[in-house]
Structure formats: structure tokens, C-alpha cells
Amino acid sequence: MSVWDFIITNAPALAIAVPLLGAFLTPLIYRAGRKTALIWVLSVLSFTEFLALLLVYLVNTYGIQVYVFGGNPSTLVIPPDSRGIPIRIIFTVDGMSAFTALISSTIGLVAGIYSVASEKGRGAQDKFFALLLLLVVGMMGMALTGDIFNFFVFLEINSLSAAALVSYRIHGGKAVEAAFKYAVVSSIGALMILFAIAILYGEYDALNMAMIAERMYQTGFSTMDIIAMALIVVTLAMKCGAVPMHYWVPDGYGEAPGEISAMIMVASQASLYGLFRMCFTVFGLSANTHSLGWFLIILGLLSMFIGVTMAFLQHDIKRLMAYHSVSQTGYMLLGVGVGLATLGTSAFNQYGLFAMEGGIFHILNNMLYKGLLFLTAGAIIYRVGTSDLNKMGGLAHSMKFTAIFYLIGALAIAGIPPFNGFVSKLMIYESVYQLNPFLAVVAAIVSMLTLASFLKVFHSAFMGPKLYNVKEVPKSMLIAMGILSFFIVLFGIFPNIAMTYLVAPAAHALADPVGYITRVLGGGP
Amino acid sequence: MMSKIVRTQANFLYPFILIFGFYIVAHGHLTPGGGFQGGAVIATGIALVIVAYGYDRIKSWIKKSTLTATESIGLLCFILTAFIGIGTSFFYNFLANSGLLFGDRVSYGVNPGYLNTAGTLPIMNLAVGIEVLGGLGAILMYMMSYGKEVDK
Amino acid sequence: MIFNAPFISVMILVIFGLYAMVFRRNLIKVVIGLDIVESAVNLFMVSLGYVKNGIAPIYTNSPGGAMVLPTPQALTLTSIVIGVATSAMLLSFCILIYRYYGTLDTRKVRRLRE
Numbered sequence: 001m002s003v004w005d006f007i008i009t010n011a012p013a014l015a016i017a018v019p020l021l022g023a024f025l026t027p028l029i030y031r032a033g034r035k036t037a038l039i040w041v042l043s044v045l046s047f048t049e050f051l052a053l054l055l056v057y058l059v060n061t062y063g064i065q066v067y068v069f070g071g072n073p074s075t076l077v078i079p080p081d082s083r084g085i086p087i088r089i090i091f092t093v094d095g096m097s098a099f100t101a102l103i104s105s106t107i108g109l110v111a112g113i114y115s116v117a118s119e120k121g122r123g124a125q126d127k128f129f130a131l132l133l134l135l136v137v138g139m140m141g142m143a144l145t146g147d148i149f150n151f152f153v154f155l156e157i158n159s160l161s162a163a164a165l166v167s168y169r170i171h172g173g174k175a176v177e178a179a180f181k182y183a184v185v186s187s188i189g190a191l192m193i194l195f196a197i198a199i200l201y202g203e204y205d206a207l208n209m210a211m212i213a214e215r216m217y218q219t220g221f222s223t224m225d226i227i228a229m230a231l232i233v234v235t236l237a238m239k240c241g242a243v244p245m246h247y248w249v250p251d252g253y254g255e256a257p258g259e260i261s262a263m264i265m266v267a268s269q270a271s272l273y274g275l276f277r278m279c280f281t282v283f284g285l286s287a288n289t290h291s292l293g294w295f296l297i298i299l300g301l302l303s304m305f306i307g308v309t310m311a312f313l314q315h316d317i318k319r320l321m322a323y324h325s326v327s328q329t330g331y332m333l334l335g336v337g338v339g340l341a342t343l344g345t346s347a348f349n350q351y352g353l354f355a356m357e358g359g360i361f362h363i364l365n366n367m368l369y370k371g372l373l374f375l376t377a378g379a380i381i382y383r384v385g386t387s388d389l390n391k392m393g394g395l396a397h398s399m400k401f402t403a404i405f406y407l408i409g410a411l412a413i414a415g416i417p418p419f420n421g422f423v424s425k426l427m428i429y430e431s432v433y434q435l436n437p438f439l440a441v442v443a444a445i446v447s448m449l450t451l452a453s454f455l456k457v458f459h460s461a462f463m464g465p466k467l468y469n470v471k472e473v474p475k476s477m478l479i480a481m482g483i484l485s486f487f488i489v490l491f492g493i494f495p496n497i498a499m500t501y502l503v504a505p506a507a508h509a510l511a512d513p514v515g516y517i518t519r520v521l522g523g524g525p
Numbered sequence: 526m527m528s529k530i531v532r533t534q535a536n537f538l539y540p541f542i543l544i545f546g547f548y549i550v551a552h553g554h555l556t557p558g559g560g561f562q563g564g565a566v567i568a569t570g571i572a573l574v575i576v577a578y579g580y581d582r583i584k585s586w587i588k589k590s591t592l593t594a595t596e597s598i599g600l601l602c603f604i605l606t607a608f609i610g611i612g613t614s615f616f617y618n619f620l621a622n623s624g625l626l627f628g629d630r631v632s633y634g635v636n637p638g639y640l641n642t643a644g645t646l647p648i649m650n651l652a653v654g655i656e657v658l659g660g661l662g663a664i665l666m667y668m669m670s671y672g673k674e675v676d677k
Numbered sequence: 678m679i680f681n682a683p684f685i686s687v688m689i690l691v692i693f694g695l696y697a698m699v700f701r702r703n704l705i706k707v708v709i710g711l712d713i714v715e716s717a718v719n720l721f722m723v724s725l726g727y728v729k730n731g732i733a734p735i736y737t738n739s740p741g742g743a744m745v746l747p748t749p750q751a752l753t754l755t756s757i758v759i760g761v762a763t764s765a766m767l768l769s770f771c772i773l774i775y776r777y778y779g780t781l782d783t784r785k786v787r788r789l790r791e
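Residue numbers (our numbering), protein chains in the order written: chain A, 1 to 525; chain B, 526 to 677; chain C, 678 to 791.
These are calculated hints, taken from the structure and not from any lab test. Bear in mind that the values here come from a model prediction, so they are computed numbers and not experimental data. Where hints are given, some of them may not hold.
What the hints assert, rightly or not - List of simulated lysine to any residue pairs, SDA-like, C-alpha gap at most 20 Å:
1. A:K127 x B:C602
2. C:K785 x A:D205
3. B:K584 x C:K729
4. B:K588 x A:D126
5. B:K589 x C:L768
6. A:K391 x A:K466
7. C:K729 x A:D205
8. C:K785 x A:I170
9. B:K588 x A:L28
10. A:K127 x B:T593
11. A:K127 x C:S764
12. B:K589 x A:G33
13. A:K127 x C:K729
14. B:K589 x C:K729
Claimed, not checked - Label-pair ranges, simulated between beta-carbon atoms:
15. A:G84 x C:A743: 19 to 25 Å
16. B:Y548 x C:I685: 34 to 40 Å
17. A:G121 x C:R788: 23 to 29 Å
18. C:T783 x B:K584: 29 to 35 Å
19. B:T556 x C:Y727: 18 to 24 Å
20. A:S398 x C:T783: 17 to 23 Å
Quick reminder that beta carbons are idealized off the backbone N, C-alpha and C, glycines included.
Could you build the full structure based on these sequences and the hints that come with them?
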């Protein structure tokens with residue numbers, strides 16, 4: 001067996017194992033010097049990115065991948081002596097999982113490159129990079145796992161490392177306060193999810209998502225299932241920052257270093273993935289998907305509108321962007337919610353699937369341009385030393401590249417044509433309009449308000465007389481921003497690349513819970 | 526620093542706590558317990574000497590960097606044990622029933638329990654034990670050192 | 678009725694924990710409230726796996742008879758381990774907040790709102 005075969009066979013496990021090994025070795029390697037440790041961290045992140053791309057390829061070519069930890073062979077889901085229950089921890093990689101794993105590892109790699117320069121000279125960097133790798137592990141694990149308890153464990157890894165990273169720059173205690181808030185909110189949320197998991201386990205005697213979905217379909221949807229579903233859906237909506245539960249978002253995103261804000265934004269999109277996975281795969285067959293879909297749509301509408309209006313009141317650049325990411329989460333909830341509301345009806349094939357594709361494409365686009373905007377905000381704070389918009393001005397004179405990158409991100413988030421935000425927003429408007437015209441009108445208005453808000457930031461930060469005598473940011477930060485800008489332009493001009501290989505498989509995978517269950521519990525290739 | 530009575534008691538109890546902790550770690554696959562519980566017991570031993578002697582004296586005996594390195598090494602042993610089985614699958618128990626270390630076959634039904642069974646589980650318990658004693662010890666030491674700075 | 682007692686105490690513990698988290702003014706007590714909720718969830722899981730007159734699910738020197746379900750106990754153990762990490766991190770945050778703010782009163786620890 002060659003190395004290549006070996007990697008292909010074990011790709012789902014390696015996607016977790018490699019960054020985990022990297023995280024554990026980083027504190028030891030850091031003793032040999034910062035440069036060695038950075039090379040190590042970046043090569044681990046690059047290899048993880050490669051594995052995520054490989055998973056996308058494998059899923060597109062061979063269908064859903066199943067990996068059983070400790071199984072002999074590694075595809076044996078139900079051992080002969082287990083009475084038909086999948087007792088081992090299983091990674092199930094379908095289109096949506098591979099998509100989320102890809103965006104998680106990409107933002108990890110970009111944040112790793114960015115922090116080479118942005119965190120230079122700060123203390124406890126071995127811990128910083130170890131936590132960064134652990135955050136990647138948490139996101140990838142949430143995306144790839146097919147086991148509901150394992151999902152909780154990765155959710156906790158995600159929350160704990162994110163909270164520790166938020167507090168990395170203590171900032172006179174303010175960052176620690178934000179991290180405390182974030183950690184308490186995520187922990188109580190994770191405990192509620194654990195409660196729901198215990199309810200589901202008590203009812204169905206299984207922790208495997210496919211097994212739970214199948215048994216729930218056989219026995220019917222009970223009252224206890226409704227409680228479990230409410231706990232899971234509300235908690236994951238809170239973790240992804242949807243509006244009635246969005247109060248932790250501006251603090252957490254606002255106080256973290258720039259690259260960590262971008263990573264936490266993607267971490268909350270991993271929670272969004274969890275929400276979609278639970279709604280479609282676990283509860284999709286049994287629950288009333290129509291009302292569940294409308295619940296997501298209403299959450300999405302509220303998030304879009306309140307997020308953008310709150311953003312107008314902010315004069316701190318990071319908090320402003322944090323409210324915008326609440327607003328962008330609304331678009332994804334709206335798109336996928338329309339898909340969920342029409343699931344199983346004839347309307348699904350008319351426009352529901354298209355709305356889902358729009359929502360999922362928006363996740364990818366949001367990762368790119370929102371990540372870029374957080375990185376530019378980090379670059380501004382790196383040079384100017386303040387995050388207050390009223391104290392900035394004239395930065396375009398001296399930080400030309402940062403200004404260009406900011407403009408690309410701002411135009412993309414507002415949905416201006418040559419950039420990628422336009423494509424996904426247009427898809428959402430077109431499809432959502434057919435369910436209810438009001439939804440599309442709100443989405444379009446929010447898009448205009450977003451443009452106004454970001455132009456305001458551009459004006460106050462980059463235009464005007466030269467207030468600060470600063471240099472351009474170091475190269476590694478520019479490279480990180482350049483990578484994201486490149487993909488923004490690429491997916492804006494050629495959206496078909498992302499649509500064919502990433503978004504369409506993800507939407508089809510979510511819309512097909514029966515295929516997921518049959519692939520895991522027997523049958524299929 | 527506490528009184529002489531407390532310090533003598535701590536001196537007396539410390540080795541027993543360590544041995545009890547390692548007993549729990551080593552018998553993790555046979556009895557209730559395992560790596561985390563045993564490691565936590567050992568960390569209580571560290572807590573005991575910190576309380577008895579005070580942080581200022583302890584910090585020259587137990588280095589924080591040693592504890593964090595212990596933690597990393599424990600985690601590393603765990604993940605490497607998982608990696609060795611990757612020829613079959615990640616976390617595959619390649620030692621069980623192999624006749625090698627910890628490789629004896631478990632007899633069916635009620636039995637007094639044999640230490641030389643369960644394959645990679647005892648190794649992973651040991652790794653987790655090392656990790657937890659390092660991790661909890663480091664948490665205690667760091668919290669004590671921050672507490673000292675706050676007091677000033 | 679008597680077999681519902683664990684579940685009733687789970688609900689009471691959850692309510693106590695949430696009360697402490699929402700209405701107590703001290704950050705340490707917020708952490709304690711979180712730990713109480715965690716214990717409640719752990720109790721819930723252990724009592725799910727309980728079998729009447731069951732023994733611990735270990736074959737070593739087992740006296741025979743029905744065994745309780747081991748899986749919820751494994752889940753509980755994992756949850757306890759995660760809980761230790763969470764508490765340690767939150768308490769470290771408390772130490773840092775006390776160092777920079779000089780207080781742990783939630784009414785005074787709100788520099789972010791300014």
C-alpha cells in the first residue's frame with residue numbers, strides 16, 4: 001500500500017489527527033525557537049488544508065465517506081457482535097461536511113500566516129499556536145463527525161480554545177471580560193446540547209446520528225424529541241449568533257485579535273453547520289420541517305435587520321464588523337431556511353434547492369470577505385493602535401494595499417457585481433422571492449444598508465487628511481489578506497467553480513437524509 | 526506556609542497519594558478509574574504540598590515549565606498510540622489479544638481481573654494520567670502565581 | 678414515583694444553577710452556578726443508565742446479576758473532564774478580571790459597554 005493509498009483511506013481521521021498532533025507538539029517544538037515552531041505550525045495547517053481538499057475530491061468522486069475509529073477494517077460500521085448498533089465513533093463525510101471542513105481549514109491556514117507577523121513579540125506564543133490548531137480541530141471535528149456525542153466534545157474543544165484565544169490580548173481586562181462572557185454562554189449552551197443528547201440517547205439507545213434519525217422515523221416524533229430538538233436548535237442558533245441570542249457576538253469578536261475574530265466567525269459557522277445537520281439529517285425525516293424552516297427564516301430576518309441597524313450605531317471598527325457578521329448569518333439562515341420549509345414539496349425543486357445553494361454559497365463567501373474585513377481591521381489596529389473610528393483617518397495615504405483589500409471586502413459584502421457576494425445574494429433574492437416577496441425585499445434593503453455602513457467606515461478610516469505617519473503592514477499579513485482577496489475575485493467572476501465542486505454537492509447532501517442514513521447503516525458502496 | 530504539624534502530615538501522605546494515583550492509573554482497565562481520575566489524585570498531592578509549604582517554596586521544587594512539558598508529552602503519547610494502529614484504522618487496538626504487552630486474552634465471565642490484558646487501553650490510560658497530572662499541576666501553579674501577583 | 682426522584686432533582690438543580698448564573702452578582706458564583714447545571718446534566722445521564730438493583734458494569738470480581746448501562750457513565754466521565762477544563766479556564770479569567778478591575782461584581786465588571 002503506497003503512501004497515497006494510505007492517505008486516501010485514512011483521510012477523514014487524518015484531518016483531525018494531524019492538527020491534533022500539531023497542537024500537542026507545538027509547545028515542545030517552540031522550545032527550539034520561534035522560527036522552527038512557525039514552520040511546523042504552517043506546514044501542519046497546510047497539510048490539513050490539503051486533507052480537506054482531498055475530502056472534497058473524495059466525496060465528489062466516490063460519494064459519502066465513512067470512517068470508523070478503531071474499527072477493523074475502518075469501514076465496518078456495525079460490528080457483527082453489536083446487535084445492529086453502531087457502537088464505535090464514526091466520521092461521516094458528505095458534501096456539506098467536506099465543505100465546512102474546507103472553509104475551517106482555509107481560515108486556519110490564513111490566520112496562521114497572518115499571525116506570523118501580527119503576534120510577533122507577544123508572550124506565550126506556543127500556547128497561542130497550540131490553541132489555534134485546537135480551534136481548527138474543533139471546527140473540523142464538528143464538521144466531520146457522525147456521532148452526536150462526539151459533536152458535543154468537538155463543540156466544547158471549539159468553545160474553550162476560542163474563549164482562550166479571545167482573551168489572548170488582555171487589553172486592560174476588557175478582552176478577559178469578553179472571553180468570560182463567551183465562555184459562559186458557550187458552556188451553558190453546550191450543557192443544554194448534552195442534555196438533549198442524553199434525552200435522545202435515553203429514547204433511542206444510540207449516539208449515531210443516522211441511527212437516531214432512523215429510529216425516530218420508525219417510532220414517530222414524540223414530546224421528548226420536541227424538547228431535545230428545541231434545546232439543540234436554540235443552542236446552536238445562539239452559538240452561530242442569530243439575533244435574539246446575539247449579545248455575546250460583538251464583545252467576543254470585538255476584543256479578539258483580528259485573525260482570531262475571523263476564526264471565531266468561521267467557528268460560529270461550524271455551529272451553523274451543526275444546526276443544518278441536526279435540522280436536515282437528524283430531525284428532517286420526522287419533524288415538521290415546514291414550521292422548523294419558518295423558524296429559521298424568522299431568525300434569519302431578525303438577524304439580518306437588527307444586525308445591520310445595530311452596526312450603524314457603532315464607532316468601534318471591530319464591533320461594527322461583528323454586528324455585520326450577525327447580519328450575514330441571517331442571509332444563510334434565510335436561504336437554508338427556505339430550503340427546509342419547502343423540503344419534500346414540489347416547491348423544493350422549483351426554488352427551495354436553489355435557495356439552499358444560495359445560503360450555502362453565502363457561507364463560503366462570508367468566510368472569504370468577512371475574514372478579509374476582520375484581517376484588515378486587525379491590520380489597522382496593528383498600525384494605528386486604536387479601534388475607534390473617530391480617531392482614524394487618512395490611512396489610504398500610507399497603507400495602500402490594506403485600503404485596496406478593505407475595499408474589495410466591503411464591495412463583496414455589499415453585493416456589488418464583480419465580487420462573490422453578488423452571486424450568492426442574487427441567488428437568495430431570486431429563490432426567496434418565490435416563497436414570499438417580503439423576504440427578498442428585506443434582504444435587498446439590508447444589503448443596501450450594509451453598503452452604506454461599510455462606505456462610512458471606508459470614509460472615516462482611509463479617506464481624509466493624513467493623521468498618522470504609519471507604514472504598510474508586514475508581508476505575512478498582506479499575503480494572508482491577498483489569498484482571501486484572490487478567491488473573492490475568483491468566485492465573483494467564475495462562481496461555477498465553487499458551485500460545481502463545493503456548493504451543489506453540499507446542498508444535495510443536506511437535502512438527502514435518506515441517502516445519508518442508508519450509507520451509514522448498510523447498503524451503498 | 527502552614528504549621529509544622531501540617532507539613533509533617535503532608536510529607537507523610539505525599540508518597541502514598543502518588544502511589545494511590547498511579548495504582549488507579551495502572552488499573553484503569555480493570556476497576557472504576559483510569560487516566561483522568563488517577564492523574565487528578567496525583568494532582569491533589571501537588572495541591573497538598575502547595576498548601577502545606579506555600580507557593581514561594583514550592584515553585585523552586587516543581588517548575589511550571591516541567592509540568593507543561595509533562596502535559597504535552599502525555600498528550601503526545603496518547604495520540605501516537607492512536608497513530609500506531611492506523612494501518613488498520615486510527616485508534617485501532619493493535620495490542621489486544623496479540624500475546625505481546627498487555628496482549629492476553631480476557632477470559633469470559635466473572636474473573637478476578639488480569640493486569641496484562643486490554644491492549645492499548647492501559648497505555649492510553651498511562652498517557653492520560655501523565656497528561657492530567659501535568660495539566661492540573663500546571664493549572665494549580667499558574668493560578669497560585671497569578672494569585673500572588675494580584676495580592677501585590 | 679420514587680424512580681422519578683432523580684429526574685425531579687435534575688430539574689431542581691438546573692433551576693438552582695441557572696438562578697445562580699443569572700441573579701448572583703459575583704463572577705465566582707456564576708462559575709459555581711455553571712458547575713451546578715453541569716452536575717445536574719451528569720446526574721441525568723447516570724440515572725438514565727440505571728437498572729434496578731444493578732451493579733457496576735465491571736466483570737472483575739463481579740457478584741453477578743444485572744449491570745447498569747456503561748455508556749452513559751462514559752459520557753458522564755467525558756462531561757466531567759470537559760467541566761474541569763471549563764471551570765479552570767473560567768476561574769483563571771476571574772483571577773485576571775480581579776487583577777485588572779479590582780472587583781468581581783458583575784455590576785462593576787462592564788467596561789465593554791462604554
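Consistency of the hints with the structure:
1. Distance check on the hinted pair: K127 (chain A) and C602 (chain B) sit about 19 Å apart at the alpha-carbon level, within 20 Å; holds.
2. Distance hint between K785 (chain C) and D205 (chain A) is unfulfilled; the C-alpha atoms sit about 47 Å from each other, more than 20 Å.
3. Using a Cα cut-off of 20 Å, the hinted pair K584 (chain B) and K729 (chain C) is violated, with the two alpha carbons roughly 50 Å apart.
4. This hinted pair checks out: K588 (chain B) and D126 (chain A) have alpha carbons roughly 17 Å apart, not beyond 20 Å.
5. Among the hinted pairs, K589 (chain B) with L768 (chain C) is consistent with the structure: their alpha-carbon atoms are about 18 Å apart, no more than 20 Å.
6. Taken as a hint, the K391 (chain A) and K466 (chain A) pair is honoured in the structure, with Cα atoms around 12 Å apart against an allowance of 20 Å.
7. Simply put, K729 (chain C) and D205 (chain A) have alpha-carbon atoms about 18 Å apart, close enough for the 20 Å limit, and the pair holds.
8. Distance check on the hinted pair: K785 (chain C) and I170 (chain A) sit about 18 Å apart at the alpha-carbon level, within 20 Å; holds.
9. With a C-alpha separation of about 15 Å, the suggested pairing of K588 (chain B) with L28 (chain A) holds against the 20 Å cut-off.
10. Note on K127 (chain A) and T593 (chain B): the hinted pairing holds, with a Cα-Cα distance of about 10 Å set against a maximum of 20 Å.
11. The straight-line distance between the Cα atoms of K127 (chain A) and S764 (chain C) is roughly 19 Å, inside the 20 Å bound, and the hint therefore holds.
12. Between K589 (chain B) and G33 (chain A) the CA atoms are separated by roughly 19 Å; this keeps the pair inside 20 Å, and the hint holds.
13. For the given pair, K127 (chain A) sits about 47 Å from K729 (chain C) by alpha-carbon distance, which is inconsistent with the 20 Å threshold.
14. A threshold of 20 Å between alpha carbons decides the hint, and for K589 (chain B) with K729 (chain C) the separation of about 47 Å lies outside it, so the pair is violated.
15. Range check, G84 (chain A) to A743 (chain C): Cβ separation about 22 Å, and the 19 to 25 Å hint holds.
16. For the pair Y548 (chain B) and I685 (chain C), the beta carbons lie near 38 Å from each other, so the given range of 34 to 40 Å is met.
17. Between G121 (chain A) and R788 (chain C) the C-beta distance comes to about 25 Å, which sits within the given range of 23 to 29 Å.
18. Hint check: T783 (chain C) to K584 (chain B), Cβ distance near 33 Å, so the stated range 29 to 35 Å holds.
19. In this structure the supplied range 18 to 24 Å holds for T556 (chain B) paired with Y727 (chain C), their Cβ-Cβ distance being about 20 Å.
20. Distance hint check: the CB atoms of S398 (chain A) and T783 (chain C) are about 42 Å apart, inconsistent with the given range 17 to 23 Å.
This entry does not satisfy hints 2, 3, 13, 14 and 20, going by the numbered hints stated previously.
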